[in-house]
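Asks: Spelled out, the chains give:
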Amino acid sequence: MLVRSMMSTGFFILLGGALLFEGCAKKLPPVEVSDASSQGTTMSDPRLSEDEAARRAREAAIAERERSVVEESMRRRFAEQSRMGAGGMSQEDFTNQDVLFAFDSFTLSNEAKAMLEKKATWLAENPQIKVQVEGHCDERGTTDYNLALGERRAHAAKQYLSALGINAARLSTISYGEEAPADPRHTEDAWVRNRRAHFVITGQ
Amino acid sequence: MQNVCRRCGSVAGFLLFVWCTLAVAQTRVFIDIDQVGGYLLPIALPKLLGEQIEPELGEQIRSILRADLEVSGLFRIVNPATYIDEVPEALDQLQYQNWSTVGAMGVLAGRVQRAVGDTQLKLEFTLHDVVQQRPRFNGREYIGTRQQYREMAHRFSDLVFREFTGEDGPFNTQVVCVAPRHAGNKAKDIVLMDYDGYGAQNLVADGALNLAPSLSPDGTVLAYTSYRGGSPQIYLRHLFTGVEERLTTGVGLALPGAWSADGRYLALSQTVDGNSDIYLYDTRQKRSTRLTTDWGIDVSPSFASDGKRIVFTSDRSGTPQIYLTDINGRPPVRLTYDGRYNTSPVWSPRGDVIAFVGRSEGQRQTLDVYTIRTDGSQLQRLTNSGADNEAPTWAPNGRFVMYTSARGGGWQRRLMRENGQGDRSLTANGTACLSPQWVARTAR
Numbered sequence: 004m005l006v007r008s009m010m011s012t013g014f015f016i017l018l019g020g021a022l023l024f025e026g027c028a029k030k031l032p033p034v035e036v037s038d039a040s041s042q043g044t045t046m047s048d049p050r051l052s053e054d055e056a057a058r059r060a061r062e063a064a065i066a067e068r069e070r071s072v073v074e075e076s077m078r079r080r081f082a083e084q085s086r087m088g089a090g091g092m093s094q095e096d097f098t099n100q101d102v103l104f105a106f107d108s109f110t111l112s113n114e115a116k117a118m119l120e121k122k123a124t125w126l127a128e129n130p131q132i133k134v135q136v137e138g139h140c141d142e143r144g145t146t147d148y149n150l151a152l153g154e155r156r157a158h159a160a161k162q163y164l165s166a167l168g169i170n171a172a173r174l175s176t177i178s179y180g181e182e183a184p185a186d187p188r189h190t191e192d193a194w195v196r197n198r199r200a201h202f203v204i205t206g207q
Numbered sequence: 002m003q004n005v006c007r008r009c010g011s012v013a014g015f016l017l018f019v020w021c022t023l024a025v026a027q028t029r030v031f032i033d034i035d036q037v038g039g040y041l042l043p044i045a046l047p048k049l050l051g052e053q054i055e056p057e058l059g060e061q062i063r064s065i066l067r068a069d070l071e072v073s074g075l076f077r078i079v080n081p082a083t084y085i086d087e088v089p090e091a092l093d094q095l096q097y098q099n100w101s102t103v104g105a106m107g108v109l110a111g112r113v114q115r116a117v118g119d120t121q122l123k124l125e126f127t128l129h130d131v132v133q134q135r136p137r138f139n140g141r142e143y144i145g146t147r148q149q150y151r152e153m154a155h156r157f158s159d160l161v162f163r164e165f166t167g168e169d170g171p172f173n174t175q176v177v178c179v180a181p182r183h184a185g186n187k188a189k190d191i192v193l194m195d196y197d198g199y200g201a202q203n204l205v206a207d208g209a210l211n212l213a214p215s216l217s218p219d220g221t222v223l224a225y226t227s228y229r230g231g232s233p234q235i236y237l238r239h240l241f242t243g244v245e246e247r248l249t250t251g252v253g254l255a256l257p258g259a260w261s262a263d264g265r266y267l268a269l270s271q272t273v274d275g276n277s278d279i280y281l282y283d284t285r286q287k288r289s290t291r292l293t294t295d296w297g298i299d300v301s302p303s304f305a306s307d308g309k310r311i312v313f314t315s316d317r318s319g320t321p322q323i324y325l326t327d328i329n330g331r332p333p334v335r336l337t338y339d340g341r342y343n344t345s346p347v348w349s350p351r352g353d354v355i356a357f358v359g360r361s362e363g364q365r366q367t368l369d370v371y372t373i374r375t376d377g378s379q380l381q382r383l384t385n386s387g388a389d390n391e392a393p394t395w396a397p398n399g400r401f402v403m404y405t406s407a408r409g410g411g412w413q414r415r416l417m418r419e420n421g422q423g424d425r426s427l428t429a430n431g432t433a434c435l436s437p438q439w440v441a442r443t444a445r
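Line order of the protein sequences matches chains A and B. Read the first sequence against the numbering used here and you will find it ends at 207, with the numbers running on by one and no gaps. Read the second sequence against the numbering used here and you will find it ends at 445, with the numbers running on by one and no gaps.
Just chain A, with the same shape it has in the complex (with noise of 0.2 Å):
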């Protein structure tokens, strides 16, 4: 699905020319395997055998070597953009546009994956810069329904940012369900302000 998107919107030249990039990109320092998968310590689940966990790891550690490799190419290229004049995004924008989603879904619309490209490249632009995706959900709902939909708006947010070369251990995500709106109003326009992604700079 991730990869349908991503060509829909052109990015797969830049992943792409970023896979075929992979060929010189032989100085890059091999990719610590500590657990960049693994979210802090979590409830046993007996079904995940060692070797699964191993696995797990392995590709991890290859998904990430990827990422480092995507994100230096976007880099390059989005600072060229920015020496053109190509439209970028301030910091400003970056924290006050919100990811919009529709009601009971998590599903990325065309303009939310829009609106998460033009992060991707605001991120590539400031590698340095770590941020949490907040999911929150309209207060239509019930609150632990909601606060399961948000996490999944923002894992999905993530994912998508991750999937177009964005270092996953640049961005963590945070439900609120419906506990802090953006608009208290109890309107159709507060709702849809409301189901968002949004997203709040953790560290630089």
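Bear in mind the hints are in silico, worked out from the structure with no lab data behind them. By construction, the Cβ of each residue, glycine as well, lies at the ideal position given by its N, Cα and C atoms. Hints may be right or wrong, so weigh each one.
[What the hints assert, rightly or not] Pulled a few chain A residues facing chain B out of the computed Cβ check, cut under 7 Å:
#, residue
1, Asp147
2, Tyr148
3, Glu154
4, His158
5, Ser178
6, Pro187
Please build the complex by placing chain B on the supplied structure of chain A, with the hints as guidance.
Replies: Chain B only, in chain A's frame:
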């Protein structure tokens, strides 16, 4: 019973009259709580003896009794302005004809007294059956501190409820809730209050966002989610010792769902790598097992009273629906097929009925409280107010459902019988109360 007598009167045969009087004299006033209907048993609630010495207290105690009985949707208080008699000095010596004249079938006669150097309070009550013309039981005495008058009154209300319905009363109970602070402040507190909203006390009020409280059946351990550590994780607070432990240590969302009736297990949901599943935490072995593995959202587990079966919400079908599983992780079975949004299931303490929140289709799509049997039959919509109604929780006796409603603007707490009748507001007083969990009062 009154109806029987009126019919007797119209026949006017002397023998029939005698038979009828005997029949009435032998019949106890009783409410069949399973009966569908709006019949309200008329009860007189005259001034308590001793109200002259303690006018405010007496008045307040009567208003507690009145609110309890009326909110149950089973009783009505006969208008005190119509009373032609008072409570006699000897509480068990009532002039019954004076109360049947005003249409009462029961009379609550009480006395309030100071005890033990004015710091203690003594309440005495007798419940009279006007039809049988005798007290239903010998007088009851309640002694406590002055601060405990509300609890003492609720206890007597429970007794009246039990006398007339044969079941445990729902009045001497409490709710654990999430209390928002002022608008624009993300912080939320966990509070405990009487079911009617009085006597609120903070359980967690540290300025962090705290959510989803679930109190263990013995009232000693509060499970809840807090954002204080940077991500929404489950904490267990031991209320007597104040000791607190963080139960989940991931970074993904973790929410407590419900305790098993024996207090051994806490069913919860936790998100790992973006996927929310149901887990079971065993307080004895201090470890968790995973019950669901689906890639969809699995959230909001609730226990059957047998401590084995579990109901939860999942969007594995593409829309959120209600599913059944058990503590061994039996493959989930889908329960709801009507509508595209069914969440927040809570298992009735009385048996195989689930209350949940469903999105009602139609021109104005609102969230409403529904019930369904665990075999999928008898889907019933309980609320229909034109505004969202959510967060259902069962009374400990399983006869009432409390929920929150957005009608009239902000969120109010409401109460209805298990069939949706007798729907009433509970927010005339007290702190705002979201995500209520209705619990028995435990000594604290």
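Asks: Against each hint, give a clear statement of whether it holds in the structure.
Replies: Status of the hints after comparison with the structure:
no.: 1; hint: Asp147; in the structure: holds, 5 Å
no.: 2; hint: Tyr148; in the structure: holds, 4 Å
no.: 3; hint: Glu154; in the structure: holds, 5 Å
no.: 4; hint: His158; in the structure: holds, 4 Å
no.: 5; hint: Ser178; in the structure: holds, 5 Å
no.: 6; hint: Pro187; in the structure: holds, 6 Å
Of the numbered hints stated above, none is contradicted by the structure.
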